[in-house]
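S.K.: Residues per chain, in single letters:
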Amino acid sequence: AQKVTQAQTEISVVEKEDVTLDCVYETRDTTYYLFWYKQPPSGELVFLIRRNSFDEQNEISGRYSWNFQKSTSSFNFTITASQVVDSAVYFCALSENRGSTLGRLYFGRGTQLTVWP
Amino acid sequence: DVKVTQSSRYLVKRTGEKVFLECVQDMDHENMFWYRQDPGLGLRLIYFSYDVKMKEKGDIPEGYSVSREKKERFSLILESASTNQTSMYLCASSLGPSGGRHRDTQYFGPGTRLTVL
Chain A
1 AQKVTQAQTE
11 ISVVEKEDVT
21 LDCVYETRDT
31 TYYLFWYKQP
41 PSGELVFLIR
51 RNSFDEQNEI
61 SGRYSWNFQK
71 STSSFNFTIT
81 ASQVVDSAVY
91 FCALSENRGS
101 TLGRLYFGRG
111 TQLTVWP
Chain B
1 DVKVTQSSRY
11 LVKRTGEKVF
21 LECVQDMDHE
31 NMFWYRQDPG
41 LGLRLIYFSY
51 DVKMKEKGDI
61 PEGYSVSREK
71 KERFSLILES
81 ASTNQTSMYL
91 CASSLGPSGG
101 RHRDTQYFGP
111 GTRLTVL
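So the sequences go chain by chain: A and B.
Position 61 of the first sequence, counted from 1, bears residue number 61 in the numbering used here, the numbering being contiguous throughout.
Position 84 of the second sequence, counted from 1, bears residue number 84 in the numbering used here, the numbering being contiguous throughout.
Certain hints may be false.
[Unchecked claim] Chain A stretches covered by chain B per the calculated footprint, using a threshold of three residues with CB under 8 Å from any CB of chain B:
| id | segment |
| --- | --- |
| 1 | 15-29 |
| 2 | 40-53 |
[Unchecked claim] Each computed EDC-like pair below joins lysine to aspartate or glutamate, with the alpha-carbon atoms no more than 16 Å apart:
| id | chain 1 | residue 1 | chain 2 | residue 2 |
| --- | --- | --- | --- | --- |
| 3 | A | Lys3 | A | Asp86 |
| 4 | A | Lys3 | B | Asp26 |
| 5 | B | Lys3 | A | Asp29 |
| 6 | B | Lys57 | A | Glu96 |
| 7 | A | Lys38 | A | Asp86 |
| 8 | A | Lys70 | A | Glu17 |
| 9 | A | Lys70 | A | Glu56 |
[Stated by the list, open to error] Quick list of the computed label-pair ranges, beta carbon to beta carbon:
| id | chain 1 | residue 1 | chain 2 | residue 2 | range |
| --- | --- | --- | --- | --- | --- |
| 10 | A | Ala81 | B | Ile77 | 23 to 31 Å |
| 11 | A | Glu59 | B | Gly63 | 37 to 45 Å |
| 12 | B | Asp26 | A | Ser42 | 15 to 23 Å |
| 13 | A | Ser74 | B | Glu56 | 40 to 48 Å |
| 14 | B | Leu41 | A | Val85 | 23 to 31 Å |
Derived by calculation from the structure, the hints in this document are not laboratory data.
We put the beta carbon where it would ideally sit given N, CA and C, even for glycine.
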């Protein structure tokens with residue numbers, strides 16, 4: 001069965017520090033997708049990135065970068081030069097591959113990131 | 001633009017009441033999901049639906065039911081609310097099979113914080 005582990009429950013950093021959020025997953029599927037979502041204090045989960053299992057290229061978007069390593073079943077998220085606005089709960093998720101249907105996601109328990117000024 | 005709306009941001013009900021939580025999406029998505037979020041437990045899937053009048057149990061369906069009479073609307077029903085159902089409820093939708101490689105990306109509503117007294 002699919003499982004996502006975010007071992008870091010809470011992380012605190014000071015502004016401008018770099019921070020990496022860890023995500024480790026388990027699946028028997030050969031085709032799957034990995035996701036990161038951000039949940040700011042307002043409560044709404046915001047989609048950040050989707051990665052498919054065949055694409056191990058790292059991705060960079062501004063201050064955000066993602067490192068996908070199939071060999072270690074990890075999909076880590078790094079924020080460079082963190083800012084107070086990055087304070088949020090971040091969730092990693094894994095899709096279920098059941099052919100063309102359903103597509104439920106399995107979420108980790110989330111990491112609360114607090115960035116202090 | 002992606003839009004998922006939920007009927008209330010905050011709701012207070014009494015034990016034993018029947019509670020309806022409504023979710024509407026305007027993106028013609030096939031899949032819709034209901035989660036509850038509790039501190040330390042992350043997101044837990046209650047029910048989901050991949051078509052009108054179709055539903056599937058998630059991980060914690062007990063005490064809940066759902067209704068999907070129209071494609072854009074997915075309702076979560078608490079038949080007889082109890083205090084242990086006090087939680088944040090999040091609705092999400094995704095394209096489904098017609099979405100190709102984007103089919104599994106879920107978009108979330110703002111959430112309903114339900115308190116049962």
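S.K.: Could you tell me whether the CB distance from aspartate 26 of chain B to serine 42 of chain A stays inside 15 to 23 Å?
M.R.: 20 Å, holds
S.K.: Does the Cβ pair alanine 81 of chain A, isoleucine 77 of chain B satisfy 23 to 31 Å?
M.R.: 46 Å, violated
S.K.: Please verify whether lysine 38 of chain A and aspartate 86 of chain A have alpha carbons no more than 16 Å apart.
M.R.: 9 Å, holds
S.K.: For the range 40 to 48 Å, tell me whether the beta carbons of serine 74 of chain A and glutamate 56 of chain B fit it or not.
M.R.: 30 Å, violated
S.K.: Does glutamate 56 of chain A sit within 16 Å of lysine 70 of chain A, going by the straight-line distance between their CA atoms?
M.R.: With Cα atoms ~7 Å apart, lysine 70 of chain A and glutamate 56 of chain A stay inside 16 Å; holds.
S.K.: Straight-line Cα separation of lysine 3 of chain A and aspartate 26 of chain B no greater than 16 Å?
M.R.: This hinted pair is violated, its Cα atoms lying about 31 Å apart.
S.K.: Given the hinted pair lysine 3 of chain A and aspartate 86 of chain A, is their Cα-Cα distance within 16 Å?
M.R.: Between lysine 3 of chain A and aspartate 86 of chain A the Cα gap is close to 26 Å, so the pair fails against 16 Å, i.e. violated.
S.K.: Between the segment 40-53 of chain A and chain B, see if three or more residues pass the 8 Å beta-carbon test, and mark the coverage as holds or violated.
M.R.: holds (count 8)
S.K.: For the pair supplied as a hint, lysine 70 of chain A and glutamate 17 of chain A, confirm whether the alpha-carbon distance does not exceed 16 Å.
M.R.: Not satisfied, since the Cα-Cα distance of roughly 27 Å exceeds 16 Å.
S.K.: Do the alpha carbons of lysine 3 of chain B and aspartate 29 of chain A lie within 16 Å of each other, as the hint requires?
M.R.: 31 Å, violated
S.K.: Confirm or reject the claim that glutamate 59 of chain A and glycine 63 of chain B have a C-beta distance inside 37 to 45 Å.
M.R.: Once the Cβ atoms are compared, 40 Å apart, the range 37 to 45 Å for glycine 63 of chain B and glutamate 59 of chain A holds.
S.K.: Mind checking, does the segment 15-29 of chain A have 3 or more residues with a CB under 8 Å from chain B?
M.R.: violated (count 0)
In this structure, the hints that do not hold are numbers 1, 3, 4, 5, 8, 10, 13, in rising order.
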